[in-house]
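S.K.: First to last, the sequence lines map onto chains F and D. The first sequence runs 1 to 212 under the working numbering. The second sequence runs 1001 to 1212 under the working numbering.
Please note that the accuracy of each hint is not assured.
Unchecked claim - Here are the computed lysine-lysine pairs in the DSBU-like style, where the Cα-Cα straight-line distance is at most 35 Å:
1) F/52 / F/123
2) D/1123 / D/1007
3) D/1108 / D/1173
4) D/1007 / D/1108
5) F/7 / F/173
6) F/173 / F/108
7) D/1052 / D/1108
8) F/173 / D/1173
9) D/1123 / D/1052
10) F/123 / D/1108
11) F/52 / D/1108
12) F/173 / F/123
13) F/108 / F/7
14) D/1123 / F/52
15) F/7 / F/52
16) F/108 / D/1123
17) F/7 / F/123
18) F/52 / D/1052
19) F/123 / F/108
20) D/1007 / D/1052
21) D/1123 / F/173
22) D/1108 / F/7
23) D/1007 / D/1173
24) D/1173 / F/108
25) D/1052 / F/7
26) F/123 / D/1173
27) D/1123 / D/1108
Hints listed in this document are in silico derivations from the structure and should not be mistaken for laboratory results.
What follows is the residue order along each chain.
Number of protein chains: 2
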Amino acid sequence: MNTFTNKIPDATIRRLSLYLRYLEDFGRSGIANVASGVLAERGGTTAAQVRKDLSYLGSFGKRGLGYSVAELTGVLRTVLGLDCTWRVALLGAGRIGTALFEYQPFRKRGFNITTVIDNDPCKVGSRLGDVTIRGEDDLECALRDDGTDLVIVAVPALVAQQLVDRVVAAGIKAVLNYAPVPLRLPGDVALRNVSMLVELESLSHALARGRR
Amino acid sequence: MNTFTNKIPDATIRRLSLYLRYLEDFGRSGIANVASGVLAERGGTTAAQVRKDLSYLGSFGKRGLGYSVAELTGVLRTVLGLDCTWRVALLGAGRIGTALFEYQPFRKRGFNITTVIDNDPCKVGSRLGDVTIRGEDDLECALRDDGTDLVIVAVPALVAQQLVDRVVAAGIKAVLNYAPVPLRLPGDVALRNVSMLVELESLSHALARGRR
């Protein structure tokens, strides 16, 4: 097993997330073994790609039997860091932030939003679910007191970078950015920018192309 | 110009969306020309990648002067299908759907959510912004009456596929999926699956790796 040492490409990690979903489906359906071709079909990729992706995790699968659903599920959960829970701070309790807070799959996967920060005085002190919203002045204290592992940014574009600079200075090493602006962070901080427009624009490109 | 004929890779289209954002920033700041290196730095990529991406659009840029911000902005808007407006139907007026409905950048980019469908009898007939929510029985009528171009799916995983099958049968050619399940569609329908968990899981992978 080289699960714990090798660097796995980002694109592979994304596919591993998808494979895990299918495997969990299979497990719930009582399926014990699955062939790479079946995983490939569900994921819109090829059996060769599935085998290559899983090869990063070590030796798996038996010729003719495929992969053990239970074993592979366990390994993927470990690789994806889902065999523990993570303390998450949400910056921004606006519409996007609130929807993320209430998005059940996060919690089911072990991502617990235990800190919420907002700069609106009307919101500070009120509750979102079981969390009391704290003001921006409390950011560093809140991250430290809470033992935050990961920060989700859902604030307006204009304030995102300055807020994240404070998050990074406070020692946070993973940031998920929903603000409609790309963030620049030091190389040792894991960052994912989620642009809701980028996906829509690749669809409008496809539509516009079809019309020409 | 081969803008209108060549197939541009998906990864390039995503980067073009980002370049467009930076170019609009530059335009607002009164910057007339921009070098590929500057676009690359903003986008976290290389100047060679920027030049390659833009080469899909035809011949641009002058040696030593870089790209004209105004010209490139216009071309990118055309390529991304942003020089017109699109009629969007939102399936699901839950928390994610409502947040998407109220997400201002969609509208600014010409994506107008003009139809909202939900299966909750308490919601049907009520309004979301200036749109009256219609029931699932009305789906096909609503798409046809509205002249819908593009559908955003924000319904629970269990009902997503069956609803999208109806959307496809109604002739829709572009689907943005926020339901936490990958959808299977015919090859002539453009589809983007947005998984809010995939990005989080690639961060937890990075964190878990850092702890080992």
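S.K.: Which constraints among the numbered hints does this structure fail? Numbers only, ascending.
M.R.: 1, 2, 8, 9, 11, 14, 17, 21, 22, 26
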